[in-house]
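Student: Below, each chain spelled out in residue letters.
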Amino acid sequence: MAEMDLALAQWALDEAKRCGATAAEVLMVGAESLSARVRLGETEKLKSSRERRLGLRAFVEHRSATSSTAEIERDSLAAFIAETVKLARLTAPDPWSGLPDPALHPSRLPDLGLADDEHGIIGAQKALELARASEYAALKSDNRIKNSEGAEFDSGRYHVMFANSQGFAGEYSGTSYSLSAMPIAQDDSGMQVGYWYTANRMFDRLEPAESIGATAAKRALRRLGARKVETTRAPVIFDPDMAAGLIRSLAGAASGTSLYKSASFLVGRLGHRVASTNVTIVDDGTMPSGLGSKPFDGEGLATNRKNLVENGVLKTYLLDSYSARRLGLAPTGNASRSVGAPPGVSPTNLYLEPGPYTPERIIGSVKRGLYVTEMIGFGVNAVTGDYSRGASGMWIEDGELAYPVQEITIAGNLKDMFMSIEMIGNDLVWRSSVVSPTVKIAEMTIAGA
Amino acid sequence: MADELIKPEKFFLNRFGMTESALDLILGTALERKADYADLYFEYRNAEALALEDSIVNHTSKSVSQGVGVRVCAEDRTGYAYSDEVTVDTMRLAAETARAIAQETGRSIAPVHVGAIVKRHNLYELESTPLDVPVEARARLLSEIDTVARAYDPRVKKVMASFAAEQKVVMIVTSEGKIAADVQPLCRLSVTVIAEDGHNRQVGTYGGGGRVEWRYFLEGEKWREYAREAARQAIVNLDAVDAPAGEMVVVLGHGWPGILLHEAIGHGLEGDFNRKGVSAFSGRIGQRVASELCTVIDDGTIRNRRGSLNIDDEGTPTGRTVLIEKGILRGYMQDRLNARLMKMEPTGNGRRESFAHAPMPRMTNTFMLSGESTPEDVIKSVRNGLYAVSFGGGQVDITNGKFVFSASEAYLIEDGRVTRPVKGATLIGNGPDVLTRVTMVANDMHLDPGIGTCGKDGQSVPVGVGLPTIRIDGITVGGTRA
Numbered sequence: 001m002a003e004m005d006l007a008l009a010q011w012a013l014d015e016a017k018r019c020g021a022t023a024a025e026v027l028m029v030g031a032e033s034l035s036a037r038v039r040l041g042e043t044e045k046l047k048s049s050r051e052r053r054l055g056l057r058a059f060v061e062h063r064s065a066t067s068s069t070a071e072i073e074r075d076s077l078a079a080f081i082a083e084t085v086k087l088a089r090l091t092a093p094d095p096w097s098g099l100p101d102p103a104l105h106p107s108r109l110p111d112l113g114l115a116d117d118e119h120g121i122i123g124a125q126k127a128l129e130l131a132r133a134s135e136y137a138a139l140k141s142d143n144r145i146k147n148s149e150g151a152e153f154d155s156g157r158y159h160v161m162f163a164n165s166q167g168f169a170g171e172y173s174g175t176s177y178s179l180s181a182m183p184i185a186q187d188d189s190g191m192q193v194g195y196w197y198t199a200n201r202m203f204d205r206l207e208p209a210e211s212i213g214a215t216a217a218k219r220a221l222r223r224l225g226a227r228k229v230e231t232t233r234a235p236v237i238f239d240p241d242m243a244a245g246l247i248r249s250l251a252g253a254a255s256g257t258s259l260y261k262s263a264s265f266l267v268g269r270l271g272h273r274v275a276s277t278n279v280t281i282v283d284d285g286t287m288p289s290g291l292g293s294k295p296f297d298g299e300g301l302a303t304n305r306k307n308l309v310e311n312g313v314l315k316t317y318l319l320d321s322y323s324a325r326r327l328g329l330a331p332t333g334n335a336s337r338s339v340g341a342p343p344g345v346s347p348t349n350l351y352l353e354p355g356p357y358t359p360e361r362i363i364g365s366v367k368r369g370l371y372v373t374e375m376i377g378f379g380v381n382a383v384t385g386d387y388s389r390g391a392s393g394m395w396i397e398d399g400e401l402a403y404p405v406q407e408i409t410i411a412g413n414l415k416d417m418f419m420s421i422e423m424i425g426n427d428l429v430w431r432s433s434v435v436s437p438t439v440k441i442a443e444m445t446i447a448g449a
Numbered sequence: 001m002a003d004e005l006i007k008p009e010k011f012f013l014n015r016f017g018m019t020e021s022a023l024d025l026i027l028g029t030a031l032e033r034k035a036d037y038a039d040l041y042f043e044y045r046n047a048e049a050l051a052l053e054d055s056i057v058n059h060t061s062k063s064v065s066q067g068v069g070v071r072v073c074a075e076d077r078t079g080y081a082y083s084d085e086v087t088v089d090t091m092r093l094a095a096e097t098a099r100a101i102a103q104e105t106g107r108s109i110a111p112v113h114v115g116a117i118v119k120r121h122n123l124y125e126l127e128s129t130p131l132d133v134p135v136e137a138r139a140r141l142l143s144e145i146d147t148v149a150r151a152y153d154p155r156v157k158k159v160m161a162s163f164a165a166e167q168k169v170v171m172i173v174t175s176e177g178k179i180a181a182d183v184q185p186l187c188r189l190s191v192t193v194i195a196e197d198g199h200n201r202q203v204g205t206y207g208g209g210g211r212v213e214w215r216y217f218l219e220g221e222k223w224r225e226y227a228r229e230a231a232r233q234a235i236v237n238l239d240a241v242d243a244p245a246g247e248m249v250v251v252l253g254h255g256w257p258g259i260l261l262h263e264a265i266g267h268g269l270e271g272d273f274n275r276k277g278v279s280a281f282s283g284r285i286g287q288r289v290a291s292e293l294c295t296v297i298d299d300g301t302i303r304n305r306r307g308s309l310n311i312d313d314e315g316t317p318t319g320r321t322v323l324i325e326k327g328i329l330r331g332y333m334q335d336r337l338n339a340r341l342m343k344m345e346p347t348g349n350g351r352r353e354s355f356a357h358a359p360m361p362r363m364t365n366t367f368m369l370s371g372e373s374t375p376e377d378v379i380k381s382v383r384n385g386l387y388a389v390s391f392g393g394g395q396v397d398i399t400n401g402k403f404v405f406s407a408s409e410a411y412l413i414e415d416g417r418v419t420r421p422v423k424g425a426t427l428i429g430n431g432p433d434v435l436t437r438v439t440m441v442a443n444d445m446h447l448d449p450g451i452g453t454c455g456k457d458g459q460s461v462p463v464g465v466g467l468p469t470i471r472i473d474g475i476t477v478g479g480t481r482a
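For the record, the sequence lines run as chains A and B.
Counting in my numbering, the first sequence runs from 1 upward without gaps.
Counting in my numbering, the second sequence runs from 1 upward without gaps.
I should point out that these hints are in silico values taken from the structure, not numbers from a laboratory.
No residue lacks a Cβ here, since even glycine has one placed at the ideal position from N, Cα and C.
One thing to keep in mind: the hints can contain errors.
The following label-pair restraints were derived from C-beta to C-beta distances [said to hold, decoys possible]: (1) A:Glu360 - B:Asn200: 37 to 43 Å; (2) A:His119 - B:Gly474: 52 to 58 Å; (3) B:Lys7 - A:Pro95: 45 to 51 Å.
Hey, can you work out the whole structure from these sequences and the hints?
Tutor: Dropping the structure here:
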């Protein structure tokens with residue numbers, strides 16, 4: 001069986017050139033994982049995987065094609081490479097296409113501590129134990145927790161190898177661990193599910209299994225008896241996970257790929273106020289052990305730390321070299337790349353800088369309003385910023401969480417919502433690559449009964 | 001025609017030098033502990049995509065993937081292991097991993113010698129695969145789409161069009177000795193248009209496809225309709241005013257708004273959620289969950305549809321399942337595991353995204369049968385309400401039954417007439433009671449153009465929906481105008 005290594009990548013690049021490619025890029029990813037799910041104390045599912053794929057992007061001057069395969073024996077690869085170059089020739093020339101400026105490739109790659117070599121893939125028995133412990137904590141916490149969608153522990157390890165025809169080559173390994181629980185609370189009013197999780201690149205830094213289960217149970221229990229509220233306009237507080245969704249939407253609109261297509265409400269807003277002055281949003285691909293960290297981006301450019309939004313002003317877009325050329329700017333180290341697709345753009349580790357307020361203080365500032373803890377649907381229009389999503393959470397009366405609400409929507413426009421962020425919490429916790437503290441928005445339309 | 005199109009059962013045996021006795025051996029390994037069932041799922045997928053922007057076809061891509069998944073079931077436990085390296089050794093290793101869920105030693109069933117071939121439907125036999133069309137011809141069509149969309153209105157500023165085609169060969173080998181195999185073509189043509197009028201910028205999207213040949217898009221010039229529809233929607237939205245907020249009468253147009261059924265009741269009627277008792281529909285078979293005007297079907301056997309399959313991904317021939325009959329809940333959609341545990345029959349709804357995933361109950365084509373009203377009468381009957389004709393995505397919370405779906409083209413109805421377009425808004429309702437509020441069903445049932453993809457537990461599969469024009473007396477519209 002063929003080995004996947006940088007020598008194979010170099011061979012593939014040479015082969016592409018031999019077929020007539022003027023430039024090329026090879027990405028190889030090998031991954032393995034194990035996931036274990038328990039439900040009501042019993043093993044429900046064990047899943048184990050091994051995968052490896054090779055992706056090729058071939059250029060014939062300004063024409064290009066992208067391809068991927070799992071067949072990495074040299075014989076079948078040679079035919080595959082020839083077909084890819086042939087496909088590139090059939091594509092229209094695009095003056096902006098091409099590899100990045102070679103001067104921008106880093107000569108040294110940082111060690112960001114992305115892999116937990118000590119733990120690697122966690123064995124089935126240990127994985128099941130952790131899942132069981134977190135579900136048990138949920139089930140025993142309250143007699144209204146009567147059912148469960150289970151609890152799951154996942155661990156994964158991957159190795160990325162990347163090389164291009166202008167001499168850049170690099171590789172890195174990473175691990176990731178996550179544990180989640182979904183208990184179900186039930187009373188006369190019906191059933192509600194609660195979800196909570198922890199995720200980290202380092203096994204020892206996961207939050208304790210028991211606390212994940214207990215938090216998930218609390219989240220399910222507080223939803224019991226939820227009702228609709230009357231349609232109104234009121235302040236809306238997003239809990240950290242829901243606020244992270246807002247930050248992600250902003251990053252999507254700030255991505256070069258959306259901007260050059262005019263498919264973004266941030267077209268022409270670079271250097272302008274796009275949020276209230278207390279808002280600073282940071283993208284940092286170099287955070288040690290960050291879930292979104294990597295030593296180089298999807299085109300072999302160095303990742304970095306920068307303010308996307310600083311005191312409310314949009315300071316940069318997020319760009320790969322294609323969208324950068326189209327917009328007349330420099331790439332920002334945000335090229336993302338999956339094996340089978342040409343580079344796109346994505347944030348690395350993205351967060352809203354914490355503010356001075358405790359979540360209690362923020363809730364206390366609202367006389368009558370909504371605290372959102374779950375949202376469903378995809379009602380965000382990136383082109384216009386129009387925002388309308390299904391929500392549930394807690395209704396606030398006189399600064400206190402009064403009762404649970406559901407079957408309502410919250411609507412506004414992201415442009416206005418970011419400009420009216422009134423308070424930012426001090427409760428930033430890293431459990432994903434995009435995170436936020438609690439956020440209060442001055443007023444939105446809440447549709448209900 | 002390539003041999004695999006005629007005998008997909010032979011394709012994997014030839015390709016990987018596999019014999020039936022090797023398959024027996026691997027299934028034997030999988031069943032060395034106390035288990036009820038084991039199967040192997042082989043997949044070989046070829047896909048190509050072409051995309052146009054700024055009037056040039058500047059993106060092409062191609063992918064080849066292959067792999068095998070080994071599954072072992074013991075009571076309600078599932079062990080699953082997969083590899084993209086298909087050899088007897090890797091499959092035995094996968095079988096050893098998958099059987100770890102069956103703790104006790106000692107066989108409970110004896111594997112049957114592999115050989116009986118499962119008869120499949122013949123819903124999408126094609127003369128040529130969608131991948132056989134020359135790239136030049138595909139590129140030319142995308143360019144013509146660009147021209148048509150731009151000609152629609154001078155305010156059309158950006159046109160993005162793409163064509164994606166794949167052919168998947170699958171084979172399922174079961175511990176009951178059965179072999180089921182299929183060749184599954186799938187393609188989709190999509191158009192997105194951005195229109196600008198000063199600082200006002202709006203988007204429109206349309207497309208279609210199915211398990212069809214290239215010429216499907218040329219017949220009746222469907223591609224031209226896709227281009228014009230995307231442009232029309234973007235232009236209409238330039239004039240859209242703020243959408244209303246609150247509970248009101250909503251009329252859903254026919255076709256793609258059938259996403260209502262998919263979210264509001266479809267997911268809640270999948271066997272896994274009901275076996276576990278975690279669905280808002282759990283234990284409600286035989287009860288009224290809709291007005292008597294509503295009959296809802298899931299049918300995986302409609303010719304050439306995106307959601308159709310000759311066999312599901314466990315080798316069961318697909319079927320037609322009545323979910324709701326004149327308002328009464330009749331049935332769930334099942335895969336093998338959940339059917340066995342619920343002592344019901346599998347319904348051919350066991351599906352998976354790829355060899356990297358274990359199957360679970362999923363929808364195929366889900367739709368409501370036509371009623372007797374005319375669409376005009378439905379609109380005329382409404383004094384004040386919303387008429388929603390096109391939608392983006394939707395989602396549901398299975399456990400409490402609350403679901404959303406987001407309109408991308410909608411109008412106000414005032415005094416029985418469709419008037420101004422309104423901005424997109426999310427509609428939210430309660431699955432178990434939204435259909436009880438259906439007071440009119442028109443005679444114009446239509447299936448969607450073939451664009452749907454459903455996500456569940458991290459797995460995406462192609463699906464279809466369909467709906468006649470219907471009137472719902474009371475659903476919450478999430479606009480900004482309170």
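Student: For each hint, tell me whether it holds in the structure or not.
Tutor: Do the hints match the structure? See the list:
Range check, Glu360 of chain A to Asn200 of chain B: Cβ separation about 42 Å, and the 37 to 43 Å hint holds. Checked against the given bound of 52 to 58 Å, the beta carbons of His119 of chain A and Gly474 of chain B, roughly 54 Å apart, stay inside it. Between Lys7 of chain B and Pro95 of chain A the CB atoms are about 48 Å apart, so this pair conforms to the stated range of 45 to 51 Å.
The structure is consistent with each of the numbered hints, conforming to all of them.
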